[in-house]
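Produce the complete structure using the sequences and hints provided.
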Amino acid sequence: MPLERELATYQANLADWLKSYAGKFALVVGDKLEGVFDTPQNAYAVGVERFGNIPMLIKQIREAQDEAAFFPALTLGLINANLHV
Amino acid sequence: MAGLLVDIGPVMQVLVEVPSPLAASLNSAGMPIPPPASGMALIDTGATRSAVDDTVIKTLGVQPIGIVKVGTAGGMVNQSLYSAKFSFPGTNLPAMEFAQLTGVNLQGHIVPHLNAPLVALIGRDILSKFVMIYNGPAASLTLGF
Numbered sequence: 001m002p003l004e005r006e007l008a009t010y011q012a013n014l015a016d017w018l019k020s021y022a023g024k025f026a027l028v029v030g031d032k033l034e035g036v037f038d039t040p041q042n043a044y045a046v047g048v049e050r051f052g053n054i055p056m057l058i059k060q061i062r063e064a065q066d067e068a069a070f071f072p073a074l075t076l077g078l079i080n081a082n083l084h085v
Numbered sequence: 001m002a003g004l005l006v007d008i009g010p011v012m013q014v015l016v017e018v019p020s021p022l023a024a025s026l027n028s029a030g031m032p033i034p035p036p037a038s039g040m041a042l043i044d045t046g047a048t049r050s051a052v053d054d055t056v057i058k059t060l061g062v063q064p065i066g067i068v069k070v071g072t073a074g075g076m077v078n079q080s081l082y083s084a085k086f087s088f089p090g091t092n093l094p095a096m097e098f099a100q101l102t103g104v105n106l107q108g109h110i111v112p113h114l115n116a117p118l119v120a121l122i123g124r125d126i127l128s129k130f131v132m133i134y135n136g137p138a139a140s141l142t143l144g145f
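Chains as they are written, first to last, in the working numbering: chain W, 1 to 85; chain V, 1 to 145.
A few of these clues could be false.
[Stated by the list, open to error] In silico DSS-like pairs for lysine-lysine, Cα to Cα no more than 25 Å straight-line:
hint	chain 1	residue 1	chain 2	residue 2
1	V	K69	V	K85
2	V	K85	V	K129
3	V	K129	W	K32
4	W	K32	W	K19
5	V	K129	W	K24
6	V	K129	V	K69
7	V	K129	W	K19
8	W	K32	V	K69
These aren't lab readings, by the way, just hints derived from the structure by calculation.
Below, the structure written as structure tokens:
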């Protein structure tokens, strides 16, 4: 899985980071926190400027980590179904 | 007339480009900026987030910046997140810089009548910034911002 190391770093340090950076966006490369930012756009801009075009983790520092995305039309195969009634 | 909107859904042409910070980085390094990928975007009010076809974004060379769990019929799966820039030719909509687009597999989805590939889904994260009017009888869709 891509970003496995970065995600492990995030999880291992989350409790500490929450004390100082709750709500900010972490930029993690490898096993190092490279910065915290107000927006993911700023984190990405700094990450690309500093490291170039490499995989990097940009993730909000927060306790709830159960975010999920849903695309029902796609995952249920209903896009382009061309239903006629 | 209404049948066309029923058949093809609320779609619009989209150009998927590398995000601006990456374009600037490539430019300053004297490296070529990959040309935008053209296709159609489906406005999907059922989608929690906007999404981009992962083959398209990988072809542009954009690297992942996160992971998100995506609900599927078979359970939750991990998908990569990407930054990208969308622009919408033929409209006055502003270009949009997406910080965290979900990469999904849209390969093989061809928009009927237009014979163009579906390359993106516009989800509720972006729709939260617009007023959308879906006029079924007139087969028109209006996005106001």
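Status of the hints after comparison with the structure:
A C-alpha spacing of about 22 Å is found between K69 (chain V) and K85 (chain V), which places the hinted pair at or below 25 Å, so the restraint holds. As the CA atoms of K85 (chain V) and K129 (chain V) are separated by approximately 16 Å, the hinted pair is consistent with the 25 Å bound. At roughly 34 Å between alpha-carbon atoms, K129 (chain V) and K32 (chain W) are farther apart than 25 Å, so this suggested pair is violated. The suggested pairing of K32 (chain W) with K19 (chain W) holds, with an alpha-carbon distance near 17 Å, which does not exceed 25 Å.
For the hint pairing K129 (chain V) with K24 (chain W), the CA-to-CA distance comes to about 22 Å; that is within 25 Å, so the pair holds. A C-alpha spacing of about 24 Å is found between K129 (chain V) and K69 (chain V), which places the hinted pair at or below 25 Å, so the restraint holds. A distance of roughly 32 Å separates the Cα atoms of K129 (chain V) and K19 (chain W); the hinted pair therefore is violated under the 25 Å criterion. Pair hint K32 (chain W) plus K69 (chain V) holds up; C-alpha atoms about 23 Å apart against a cutoff of 25 Å.
Hints 3 and 7, counting from the list given before, are not met by this structure.
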